[in-house]
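Okay, so the sequence shown: first residue is 74 according to the working numbering, each after it adds one.
Simulated from the structure, these hints should not be mistaken for lab results. Just so it is clear, the structure is predicted and the values come from calculations on it, not from any experiment. Wrong hints could be hidden among the right ones.
Said to hold, decoys possible - Below, computed lysine-lysine pairings styled on DSSO-like, alpha-carbon distance capped at 27 Å: (1) K147 / K117; (2) K191 / K167; (3) K147 / K159; (4) K117 / K129; (5) K129 / K165; (6) K191 / K129; (7) K215 / K147; (8) K167 / K147; (9) K215 / K165; (10) K117 / K159; (11) K129 / K167; (12) K99 / K88; (13) K106 / K117; (14) K99 / K109; (15) K191 / K147; (16) K129 / K109; (17) K147 / K129; (18) K129 / K215; (19) K117 / K191; (20) K88 / K129; (21) K167 / K215; (22) K100 / K88.
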Amino acid sequence: MKAETDHYLRGSAWKQVEALWDIVCKKVGDIVKREKLLEDEFAKYSSHQVLLEMLKAISHSQEMRDPYTADHQKHVAYICSEIAAKLDLPEKQKMGLYIGALIHDIGKSNIPTMILTKPLKLMPEELALLRAHPASGLEIFKECRFLGQFKK
74 MKAETDHYLR GSAWKQVEAL WDIVCKKVGD IVKREKLLED EFAKYSSHQV
124 LLEMLKAISH SQEMRDPYTA DHQKHVAYIC SEIAAKLDLP EKQKMGLYIG
174 ALIHDIGKSN IPTMILTKPL KLMPEELALL RAHPASGLEI FKECRFLGQF
224 KK
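Kindly generate the complete structure, drawing on both the sequences and the hints.
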């Protein structure tokens, strides 16, 4: 029986295994190359730039949920940046204001979309939920040490 199995594995089944192995090796090689390209691309950016891009993406995801206020957070961030520039604030404070403005409505992610987009007057319970979004935002970022100075 062993001789028959060995013969079978050396025949067409073995050729299929070798062909599949070649395909797997090529795919793994492609993945490794792509991963290296992504690492090289990522290395071009500072951690500061990466953080800002991620916060912009989070902000954008919030705006996608609430078309009524689309681009609102970006506009607030722009206005804060302009005011900070006019006040000649230090760069760190300017960046803090920009980041805070960019994510200031993140707590709305806990509010159902049907309330955010409701065309009619909100019920008292819905309004209370909407008014609680700043506290929800603090809860979302409570573990972020880098935002500690802005939470006060």
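* **Restraint status (C-alpha distance of K129 to K109 at most 27 Å)** => holds, 25 Å
* Asked: Regarding the pair K191 and K129, is the alpha-carbon distance no greater than 27 Å?
  -> Holds, at roughly 25 Å.
* Asked: Is the hinted pair K100 and K88 satisfied, with a Cα-Cα distance of at most 27 Å?
  -> Given pair K100, K88 holds - Cα atoms ~18 Å apart, limit 27 Å.
* K129 and K167: Cα distance at most 27 Å? -> Given pair K129, K167 holds - Cα atoms ~16 Å apart, limit 27 Å.
* **Satisfaction of hint between K147 and K167, Cα-Cα up to 27 Å** => holds, 15 Å
* To do: Verify the proposed pairing of K191 with K147, using a straight-line Cα cut of 27 Å.
  => holds, 22 Å
* Asked: Within a Cα-Cα threshold of 27 Å, do K215 and K165 meet the stated pairing?
  -> holds, 20 Å
* When you check the alpha-carbon spacing of K191 and K167, does it fall within 27 Å? -> Distance ~35 Å between K191 and K167 Cα, so the pair is violated.
* Asked: Is K147 close enough to K129, meaning Cα to Cα at most 27 Å?
  -> holds, 8 Å
* Asked: Quick one, are K117 and K159 close enough, alpha carbons at most 27 Å?
  -> Not satisfied, since the Cα-Cα distance of roughly 31 Å exceeds 27 Å.
* Asked: Does K129 pair with K215 here, judged by a C-alpha cut-off of 27 Å?
  -> Since the Cα atoms of K129 and K215 sit roughly 19 Å apart, the hinted pair holds (cutoff 27 Å).
* **Straight-line alpha-carbon gap K99 to K88, limit 27 Å** => holds, 17 Å
When held up to the earlier numbered hints, the structure conflicts with 2, 10, 19 and 20 and fits the remainder.
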